[in-house]
Amino acid sequence: MNKTLLVAQREFAENMRTKTFWLGILSFPILIAIAIFVGKLFEQSKDVRRYAILDHSEGQWLSRAVLDRSLTEDLAKFEPGEDSATSEERKERFREWIESLDEDHPIRQLREALVSAGIDESAMNRPDGTLPPEALPIILSWASDPAHAKALEKLGRDLALLDYRLVEYDDLGGDPERELRRRVKDGELFAFFVIDADPLDLDSRSRYVSNNKSDDDLRKWFSRHATEVVRAERIERLDLTDREVASIEAGFRFAEQEQVNDSGESETVTKEDKLGAHAPIAFVYLLWIAVFTAANMLLTNTIEEKSNRLIEVLLSSVSPLQLMAGKVIGIGATGLTIVASWVVSAMIGVQFAPQGLGVDLGAIVGNPLYLGSFVAYFLAGYLLYAAVLVAIGSVCNSLKEAQSLMQPVFILLMVPLIAMVPVVQDPNGTMAKVLTYIPLFTPFLMMNRAAAPPPAWEYAASSIVILVALVIAFWGAAKIFRIGILMTGKPPKIREILGWLRAPVGIVGSPARDSSTR
Amino acid sequence: MEYALTLSNVTKRFGNFTAVDDLSLRIPTGSIYGFIGPNGAGKTTTIRMVMSIFYPDEGKITVLGSDRPESVKDRLGYLPEEKGLYKTMRVGEIVAYFGKLKGMSNREATDRAHELLVRYGASEWIDRKCQALSKGMGQKVQLLGTLIHGPELVILDEPFSGLDPVNMELMRNTILDMKREGRTVIFSTHVMKQAEEICDYIFMIHRAKKVLDGTLSEIRASYEKGIQVDYDGDGAVFRDLQNRGLLERINDSGKTCELFPRAGVDPQEVLAHLVGRIQIRRFDLREPSLHEIFVRNVGAEVIAS
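Quick mapping for you: the protein sequence lines, in order, are chains R and W.
Under this note's numbering, think of the first position of the first sequence as 419, with each following residue one higher.
Under this note's numbering, think of the first position of the second sequence as 39, with each following residue one higher.
These aren't lab readings, by the way, just hints derived from the structure by calculation.
Please read these numbers as outputs of a predicted model, since none were measured by experiment.
Just so you know, even glycine gets a beta-carbon here, dropped at the ideal spot from N, CA and C.
Be aware that one or more of the hints could be misleading.
Claimed, not checked - Pairs of lysine to aspartate or glutamate residues, derived as EDC-like cross-links and limited to a Cα-Cα distance of at most 20 Å, are as follows: (1) W:293 with W:272; (2) W:263 with W:207; (3) W:167 with R:676; (4) W:173 with R:722; (5) R:638 with R:465; (6) W:167 with W:190; (7) R:437 with R:722; (8) R:908 with W:272; (9) W:167 with R:722; (10) R:437 with R:676; (11) W:167 with R:521; (12) W:173 with R:723; (13) R:495 with R:530; (14) R:568 with R:619; (15) W:125 with R:432; (16) W:247 with W:235; (17) R:692 with R:844; (18) R:908 with R:722; (19) W:125 with R:722; (20) W:125 with W:162; (21) W:125 with R:723; (22) R:568 with R:552; (23) W:263 with W:234; (24) W:293 with W:322; (25) R:495 with R:589; (26) W:263 with W:330; (27) W:167 with W:196.
To be verified - Derived, one-sided and incomplete: chain R residues facing chain W with beta-carbon distance under 8 Å: (28) 435; (29) 602; (30) 604; (31) 681; (32) 726; (33) 733; (34) 735; (35) 736.
As the list claims (entries may be wrong) - Computed far set for chain W versus chain R, every beta-carbon distance over 12 Å: (36) 66; (37) 68; (38) 111; (39) 127; (40) 131.
This is chain W alone, in the form it adopts within the complex (with noise of 0.2 Å):
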């Protein structure tokens, strides 16, 4: 298998504080790798090494083939968590400056951004100030930016945030096209549901070290099953099982709750307390969810801060 990015024992420190602790990932080209962690974790610290911002205390870093980083950075595209552009400039020539600073040409920028603000809707906007902007437009234009040079490899730290349904479907698409397209997409999240709907693969880190690494599939698979319900009544009842010894853990959203029997305990005795308490439209086993698994990996302190 071809690999966009590899990370070999990669350790990054600033000071006393390791940010990044003998990280070793490699990411099959083609593939959409989802980041997940809680913050302050290490992804921004690996992906910023990967953007060649930073460089590693030890390790290696490989981009595209590259052991120096920074020699394929116009191969990449990079949208940061933390957005913003040039308020007085215009829309327009922001997505251009952009390709031009990945080493397009004044010319073919200027017709690429074009292009690209009139595909994704922006054509009214070409020739407005960046000030003007909402902020989910806003983001949109950063996206064009950092897609206009047709990047190999493609880092996108919280792309979702702050989006509107729309937009929301719009980025996964966009997402989706670029993994059609051969591109390799690596994405921060922390949103679960967004990593288990789109991503092949899963990276966790968390404290500096990888927890978690592998296709989702994998990993859901490596953990043992819990039952799912969906209910409309009183969930009060789940936590009354988990007094009572029944239940390892919950995770109640409300209308939706996963639960883990504590081991020899059988499902079906669980569905046997809940008949009758509250109004039962679904009870399947099945793999954790990501959301499951990244609780358990984080542990309890991360919950209670």
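Next comes chain R alone, as it looks inside the complex (with noise of 0.2 Å):
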């Protein structure tokens, strides 16, 4: 057999026992596993937030109108199909989707609790959309048993009715407010709001009591929807049409994003494009640990090997050239069934991704320029960074040593992190451009770039670019590893290593006067 791909295949072997070489094929569906998992944690961990209204507005309507605004809108979530639809249309079908659903569904089974309590199953959806008020306390005391609130957590929607909790108290004394604030300052509420005598005066100042300042969400909640039902009941007092009240609510709008195609027709920019826009970043991030975990395999391999002084012997039998090509070759065959292994994993987990998310994961993930990209980029990133870190590792007789010489390495390589997001966003602009034509930064900025693929000139002249700087890189490598690989005691300083670069093959540079040379 070729001693290069004997050296390879030895180095393949190698890896396949080392540690290394599984963490890399685990890390990534691990690390996924544990994004979800903890995602899922925290979300289950924030507690659900105690509040109390004290609402001195004429028999509590606003707080009454808030919640029911309020749930009306967390039941819509589970309602298919566009908003564009008719109130009469949109009351019809979710009619029929309540109908479809399983005896065990809980928003069926909420159905079943308000209409056994009396209200009436066509009260549920009326045509302003909001519920009968006495269908409030039903719901609200059916949400909160843990068993049925788990139901409606396993749905996925994300609900106010979960998230906020509801508190009232029967009797606070004469100082009402001064009870709530006892019950905050113990930790016993979240807040409590204070709602003034009359919300519509618009002078009228209503108030919020809570000792956190950083979670401002349930304020937001509140103050989204009591200002809807001011500004309803405002324009009810008004006296005005529907035609006159839609067009003063009406803002300005948007249709969805367009984009132009190949053909040159528009047609409408999906959740899928915008989400594959940006999904580039994620890729050029794998790409960069890829790169970076197989070549400091190199550098690792080469330093041990060298200080395991087995390299003369190798040496008695291939030449410094066969031995440098059959470790890059060795290693970066294992990189690649890293990221192998990665493609099929994500192919695997989108497959079990949640559906919910109105976006086809599987097409972004599959998209083949994607796939394609990361691994052309891969095993030019790769050769790159290896024929620059073979060559460290070979003048170098320990990993410390190795880690000042690789310092200008590191920061060179924080660049195409660091450029990951402007690039995504501006992925034709100046800036991709001219690091696309850095060699060192071309495999991750052509990754980066490819979600608005640049014009196959660029393609052409950017692999070029990655040709020519890997035959100069290796060139370089290869003289200096045939010195550096035999060379013990001090490193040498980066001019010496330069001078060498100029030596004909077989000249030797002075430092290598050492105890090696016996």
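Could you fit the two chains together into a complex? Lean on the hints.
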């Protein structure tokens, strides 16, 4: 067998046995699993926000309306279909949808609860989209049952019903506000609202009291619904026609964004398109990790071989060039195996991705341009950094020595990471273009720009840049490797190393006079 | 005579430093050639040039009849002074790997590695990892890796260092076996006794230049004879005689001593001075030891260091 391949094969076989390799293979799926798990955990661990309302409005109409509106909104989240349908259509569709649900579906159960409490079934979706007032306490008490809450939670919607719980007190004594303050202080309540007697008055100010200064969600939620409620009430008092209301309420609106396709026609930008445009960030990040992991493997491996004193035995059988090529190929194959396993696990993982997002993740992850770029630019990036690191590894006797030489490489490697987001936002901008033609960044930048694929000539030009850079890098690496690999003692200075590049084959630089040249 | 290795006017420089200077050497096929010389003299550089790890700046090297040493690498075996193994590889695997690197097929190398390990009494180590090996054991494994492909020319750099007497015996027998099989063996050593015991030829390099080259008996015959004394007692007497101008040089090892009388001094006179002061077990006149020759060539400055 060809000696280069023999060396490569051994490297590959050996790496398969290392922890780094299996960590590399598993890191990606584990990372994703952890991200999902931790995300869920965070969501679940966020305590239900207990709050109270001290409503001075007449008959407490404001807080009732707010809760009613919020509930309707929550329920609407379960309703399929677009928002553009008329309320009559929606009502009909909602009814059909509920009929189609399983007996044990929480929404179906909720409806049963309402019906059995004597609330008219049809009242559940009145044309104005609000619930009858008597439904409110029924729904609230139904949702406070942990089993029901859990069932709702499983549906995966973000429900105010579950996040915020109104605490009602029968008797707060003579100074209710003081009582509530005490409860906030004790941590019994997260917050309480004090609603002004006449919320419709333009000068009225209601109050929000809470000791948590960072989580503003509860106040925003209340404020959002209260604004709508108050606005609707004011409009009603002005005695306006529906059309007048609509003309006042309607803001300036855009239709869905459009884009121009290859044949010059415009088409709607889908959610997939938007997410897809950001997908390269994830790919660049993974690419970066993969390139760095593999190139670093090569570095440690070279240094280990050198400090193991194996080099001389190997060089008595193979040439330095064969040895270097073998190592680069063997570890490259290892890296490619890791990358391929990531791609496969991503493809499998997509099958299990939550369906409710309204986007087809599979289409983004499985995009052949992204996957193809990922593998191709992994190879290009790995080879480029492999040439640099194998040269560094060859002149160092320990990882510690290598670290100081690695510093400039580290700094260079940070650039594509920093540029990741700006480049995704402007994939064909000046910065993206300039960075593309700096060889050490080319693979990352081309991956980064894949969202808005650069023209074919850029692919061609950047490929030429990479190929030329690879030839130069390996030419230099080979020269440094053949001299450095036999050196022991102090690592050479950069200036000395540059001197080797000029030296013809077979000449060993002056620092080689040391313990190894007895 | 056929030569396994010929160096003609070979020079190797590292920058301003000349590691090997105008060296010519012919090593007959089937001989055992000892390379001696102080640290830093150029032994390893010479060996590395033969193994085409380095290339000479000047001169010509012919290995196994080829002017391009790199083309016959597969027919050479090299055991470097610094010995190392892949820690995580298994013993059987690594010996076979060295064979494969020399062009053996996978099957052939695996079988042969197995056979060698069994023959050298290491069969229970075949499936163990190299990191579990003791130093001597590791050295044995490395030697087998050097020999697995049946090299015609074997170069052993300090093969005896760190070996216990049993393994030293094994190493010696291995070298002698190779000679019997018609292979050529070059080995470098700092232990003169070993060189004297097995070498057909001795080559000595000092400060990049050749200072000795020839059969052991030739070399020894070219030096004047000395007195070998085996004794018990206080060796201070030798220094005493040297101070009195009777002796030129003494190599006192404690129980045995080599004496070189000053010109014109009769060995009998030396003997007369020794009688009664030490217990003499043997007293004879013979060619100088390799140690003496080595020291004379290297001179005082190395001894001082």
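So, going through the hints one by one against the coordinates:
1. W:293 with W:272: holds, 9 Å
2. W:263 with W:207: violated, 30 Å
3. W:167 with R:676: Answer violated: residue 167 (chain W) to residue 676 (chain R) is near 64 Å, above 20 Å.
4. W:173 with R:722: holds, 18 Å
5. R:638 with R:465: holds, 17 Å
6. W:167 with W:190: violated, 29 Å
7. R:437 with R:722: The hint holds at about 16 Å.
8. R:908 with W:272: violated, 47 Å
9. W:167 with R:722: holds, 16 Å
10. R:437 with R:676: It is violated: about 49 Å lies between the C-alpha atoms, which goes past 20 Å.
11. W:167 with R:521: Violated, at roughly 63 Å.
12. W:173 with R:723: Given pair residue 173 (chain W), residue 723 (chain R) holds - Cα atoms ~18 Å apart, limit 20 Å.
13. R:495 with R:530: holds, 19 Å
14. R:568 with R:619: Roughly 40 Å between the alpha carbons, so the hint for residue 568 (chain R) and residue 619 (chain R) is violated.
15. W:125 with R:432: holds, 10 Å
16. W:247 with W:235: Given pair residue 247 (chain W), residue 235 (chain W) is violated - Cα atoms ~25 Å apart, limit 20 Å.
17. R:692 with R:844: Holds: residue 692 (chain R) and residue 844 (chain R) sit about 14 Å apart, inside 20 Å.
18. R:908 with R:722: holds, 16 Å
19. W:125 with R:722: holds, 10 Å
20. W:125 with W:162: Between residue 125 (chain W) and residue 162 (chain W) the Cα gap is close to 17 Å, so the pair holds against 20 Å.
21. W:125 with R:723: holds, 10 Å
22. R:568 with R:552: This hinted pair is violated, its Cα atoms lying about 24 Å apart.
23. W:263 with W:234: Satisfied, since the Cα-Cα distance of roughly 16 Å is no more than 20 Å.
24. W:293 with W:322: holds, 15 Å
25. R:495 with R:589: Given that 20 Å is the threshold and the Cα spacing comes to 35 Å, the pair is violated.
26. W:263 with W:330: Given that 20 Å is the threshold and the Cα spacing comes to 11 Å, the pair holds.
27. W:167 with W:196: violated, 25 Å
28. 435: Cβ of residue 435 (chain R) sits 6 Å from chain W, so the hint holds.
29. 602: At 62 Å from the nearest chain W Cβ, residue 602 (chain R) fails the 8 Å test, so the hint is violated.
30. 604: violated, 61 Å
31. 681: violated, 57 Å
32. 726: Hint holds; residue 726 (chain R) Cβ to chain W Cβ min 4 Å, cut 8 Å.
33. 733: holds, 5 Å
34. 735: holds, 4 Å
35. 736: holds, 6 Å
36. 66: With a cut-off of 12 Å, residue 66 (chain W) remains clear of chain R, as the shortest Cβ separation is near 22 Å.
37. 68: holds, 21 Å
38. 111: violated, 6 Å
39. 127: violated, 7 Å
40. 131: violated, 9 Å
Against the hints set out earlier in the document, violations occur for numbers 2, 3, 6, 8, 10, 11, 14, 16, 22, 25, 27, 29, 30, 31, 38, 39 and 40.
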